[in-house]
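Next come the chains, spelled out residue by residue.
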Amino acid sequence: MKLSALQQSYMNRRNNSFRGPAPLDSSSDGSIKSPSAIFWLILHGLCCLISLVLGYRFSRLVFFFLFSTSATNLYTSPFRSATDLSQTLNFHSNPIVNPELPFNRTAATTTTTAAVTTSSSRVVVGRHGIRIRPWPHPNPDEVMKAHRIIERVQMEQRLQFGVKNPKTVIAVTPTYVRTFQTLHLTGVMHSLMLVPYDLVWIVVEAGGVTNETSSVLAKSGLRIIHVGFDQRMPNSWEARHRLETKMRLHALRIVKEEKMDGIVMFADDSNMHSSELFDEIQNVKWVGAVSVGILAHSSETDESSVLVIEKKEDGENPSMPVQGPACNASNQLVGWHTFNSIPYAGKSATYIGDRAIVLPRKLEWAGFVLNSRLFWKDAEEKPELVKDLDSLDGVDEDIESPLSLLKDISVVEPLGSCGRQVLLWWLRVEARADSKFPSGWIVDPPLEITVPSKRTPWPDAPPELPSNEKVVVGVQEHTVKHSPKTRTPRSKRSSRSKRKHDTKIVDTQLPVRHSEQN
Amino acid sequence: MRICIWVFLVLIVCGLVCGINADQTARTERISGSAGDVLDDDPTGRLKVYVYELPSKYNKKLLQKDPRCLNHMFAAEIYMHRFLLSSPVRTLNPEEADWFYTPIYITCDLTPTGLPLPFKSPRMMRSAIQLISSKWPYWNRTEGADHFFVVPHDFGACFHYQEEKAIERGILPLLQRATLVQTFGQRNHVCLNEGSITIPPYAPPQKMQAHLIPLETPRSIFVYFRGLFYDVNNDPEGGYYARGARAAVWENFKDNALFDISTDHPTTYYEDMQRAIFCLCPLGWAPWSPRLVEAVVFGCIPIIIADDIVLPFADAIPWEEIGVFVAEEDVPNLDTILTSIPPEVILRKQRLLANPSMKSAMMFPQPTQPGDAFHQILNGLARKLPHKKNIYLKSGEKLLNWTAGPVGDLKPW
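Those protein sequence lines, which keep their order, are chains A and B. Each residue of the first sequence is one higher than the one before, counting from 1 in this note's numbering. Each residue of the second sequence is one higher than the one before, counting from 1001 in this note's numbering.
Note that these hints are calculated values from the structure, not bench results. Heads up, some of the hints might be wrong.
Under the rule of at most 30 angstroms between Cα atoms (straight-line distance), these lysine-lysine pairs were calculated in the DSS-like manner [as the list claims (entries may be wrong)]: (1) B/K1254 - B/K1398; (2) A/K164 - B/K1349; (3) A/K145 - B/K1254; (4) A/K164 - B/K1411; (5) B/K1207 - A/K145; (6) A/K347 - A/K246; (7) A/K246 - A/K256; (8) B/K1411 - B/K1398; (9) B/K1060 - B/K1254; (10) A/K259 - A/K382; (11) A/K347 - A/K167; (12) A/K145 - A/K219.
Could you put together the complete structure from these sequences and hints?
Structure (C-alpha cells):
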C-alpha cells in the first residue's frame, strides 16, 4: 500500500526528498536518452570528479555563473517569483580558507521551482549557505565584556536572592616566615579575594612584621591589618599549636579594641576554604560551627583510622575524618565529631618539617565562626564569655577551641545544613627544616641548567647531548631534570597531535569536511 | 446629489481610517504594558464554548491505542479537550455559545519512534467536519467561522512535516474560515492564517518543576544550547536544516568558551539552563521549539534565531522586550550582538522573565491554574469576540469548496 511505503520512508524522517544538488531534477521525469541528457550526465560526472579532487561539493551551476551575463544576485536575495527562473548560485560554504574561490563566504539561496507562493515573504525555503565569518574565533574584548555582564548579573542575583545585609567578614590568620609560607598564604589570599562581601584580614605574624610577608600580602588589594607577635615560632607542632592560639587571641583583642563589626572566621594559612563557606557564615547569629575535613594523610595509615561518621556523604572518600557539629534527626546540636588521634599514636610528627603526619587537635579553631560583638564590652544579649579577653593575656593556659571561651556551649549554631556540608579542609604541610628557597621566590639570575636526560620522553627524537653544560650554584634541592627541548621534535609533535585532535572532532560532525590545515 | 455622494464617501473613508487606527492603538497599549496585564485576564464570563460530542474514534480510542500522545510536544490538543470539559466557560447549550470546539486528536498517530504522521490527518479532519455539519446546524450557519480547532503539528493545518510539501498543500480548505490554534507561526506563510492563535508547544510541567535549583545559584554560563547542529540523517551537508543557521552557530562559535553549545543530552539539562544567562532558541525544521518554553520557565533569556517567526500569544506577550531576536544572517556576529547589550537591558529582561504570570502562560499544567496557557487561549478567543455579523451566511450560501485539495484527502476515514 502506498501508505505503508510512505510510513517506511518516514522512518528516516525527512529522507530522500532532497535529492541531489539541482532542484531542476525534481521536475524532470523522463529518462529519454536524448543528447542533452547524455551531456548533462557527462557534465554531472565531471563535476563529481572535480568535487572529489577539490574536496567540497562543486555544483555544476557554477558553469551558469561563469558564463551568464545576467545580473544574478549572489547575496541574500529576496524571494523571486515563480516566473523568474534565475537560478542563483548555491555554494556550500566550508571552513577551509580557500583563496581560490572568494565567494565561499557569502550566502546564496536557491529558489525551488516547487515553491510557488505569491506571498511576499522574506524567508525562502530551500538550501541556504552556512554563513561563517572570516575569523570565527573569540574576540578578547568581547570576552571581557561578557565576563563583566556575567559579574553584573551575579551581583544582581546576590542582591535579590542572597544574604540581605551581608556582614563584614573578619578573617584571622596566624603566620610566620618559612619555606611554604608563600604557598599557603597565596592560597588563602586568593580565596579571600574572591569573597563577595566586605572583608578585613587580620594577619598576625610570629617573630614580628617582616617584609617577606608584607610583599606577599600587598598583591591582594584587600584591607589588611598586619600585626606582629613578639615570640618566634617554635620548632615542635605542639608548641606551634599553642602559639597559634595565642596569636588568634591577640587578633580577637584587636577586634575588641577597634570595635569591629562583622563575623570572625579563622583562616589558617594552610587551610583550604570553599566559597560556599563565606556565604554560609553570614547566617551565624553568635557562634557557629562548621564541619572541617581533616587531610591528615600519610602512606602508612590503615583504613581503620576512620572516625565514626553518621552520614556517609561527608568527604569525597569515606576515610577522610571530619571534625564538626553532630546533629540528631531534628537538626539540633547534640554533640561533636572530634578527631580521633589514637590510631596515629606514635606515628605523628613532632617537629615541624618531619615526614610524618601532622595531627590536628580534637577540635580546630578553623571550624568555628564568631560574631565580633561577642567581644565587645557593652553588647547586650550576647552569650557570656567565660573570661574576658584581657584576662587571658599572658596566661599560659591552653585554650584548645573557642568552646572553652563560652560559658554555655549549647548556643553554638551548626552551619552547613547541620554539619552535613564540609566547607573547609584542614591541612598542615611544611617543608624540611633545612630547606632553602630563593628569596621572594624570584630566581635571579635565571636558571641555566642543561642536564642531558638519558631517555627522552619522545620516541622519535634522538637523545642528543647539547653542546654547553653549565650548572648553576644554589638551588640544589630543586634541580629538576631540564632535558634539552630542541625545537623541531616538540613543534612537530604538537602540530601532529593538534592535527589529530582536529580530525577527530571534525569526523564526528561531518564526514565530508576536511581537517583544518595548520 | 453628487456632493452628497462625495461627502458620504469621505465619511466612509474617515470611518475606516479611524477604525484601523483604533485597532492599532488598542494593540500597542496591550503590548506596551508590563508582561502581566493582559496575561492576568480571566476569560470566565467573557465567552462561552460548546464542546461537540464526537464518537471516541476521533479522540479516546486514539489515545488508548497510543498513550505516548500525552507526553510529546503536541499533547496540547488532548489537554485542551480535558480542560474545556470541566471549565466554567463550557456551556451545554449550543445556542448561547460563542465558540465551538471539536475534540479531535489529530496528531495522535505515532511511529514506533514517537514521531507523529500527518498523512491521515486531512481525512480525519474532513470526516469530523462532515459529521458535525450533518449532525448540528452550527457549522453550516457560518461555515466554521465561529469554530476553533487545535492543530499543534509542525506546520499547523497544512498537515505535513516538510515545509515544501506543507506549502504546496496549504491549509486544509475546509478550515479556511475557522480559527486555528497552532504552534506554528511565521509571518507571510501559507500555513498561518490571519487570526490564528499561536500557542507554545507542550512541555511537561511536573518534569520542569522537579528540576528547579535555588535561585541564588549564580548564573555563570553565558550562552547555552543543547541540540543538533547538523541533521546528519536527513541533511548531511547542511544548508537545509534550520536554513543553515544552526550550522552557522556551530562553525562560528564551537571554540568560544562563552558558548556552551554541544549535541550532548545531559541529565542536568534543566539545571544548566537555570545557570545560564542566554539560551539559544534557533529554528529547526520548523521555526518553533519547546526550548522557548523551557527558557522562559527557567529564567534564561531566549535568543530567537528564526526569521519572521510569530511567537506564542504574540498579542499578549511583549517578546521583543523579553527575548533577543537575531536575524539568521547576523548569526556570525552573535557574540558581538550579545556582548553589546547593556547590562541594564539584560537585568530588565530577567525581571520580566521572573514574572510568574509569564511563566505560567507558557505551561499546560494539570490541574489547571489561573493564567496558564489554557486561559491565554481562551483570552485570545475572547479578544476576537464579538463575531462580525458577516460571518453568518445566508441560507444556501456556500463559501467552502468541499472537493478542493489533493485526491487522497477526499477518501473517507
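Status of the hints after comparison with the structure:
1. B/K1254 - B/K1398: violated, 57 angstroms
2. A/K164 - B/K1349: holds, 23 angstroms
3. A/K145 - B/K1254: The given pair, whose Cα atoms are some 19 angstroms apart, holds under the 30 angstroms limit.
4. A/K164 - B/K1411: Cα-Cα ~68 angstroms, so violated.
5. B/K1207 - A/K145: Distance ~35 angstroms between B/K1207 and A/K145 Cα, so the pair is violated.
6. A/K347 - A/K246: Status holds; Cα separation ~27 angstroms.
7. A/K246 - A/K256: OK: A/K246 and A/K256 at ~15 angstroms, within 30 angstroms.
8. B/K1411 - B/K1398: holds, 22 angstroms
9. B/K1060 - B/K1254: Given pair B/K1060, B/K1254 is violated - Cα atoms ~46 angstroms apart, limit 30 angstroms.
10. A/K259 - A/K382: holds, 15 angstroms
11. A/K347 - A/K167: violated, 43 angstroms
12. A/K145 - A/K219: holds, 25 angstroms
Against the hints set out earlier in the document, violations occur for numbers 1, 4, 5, 9 and 11.
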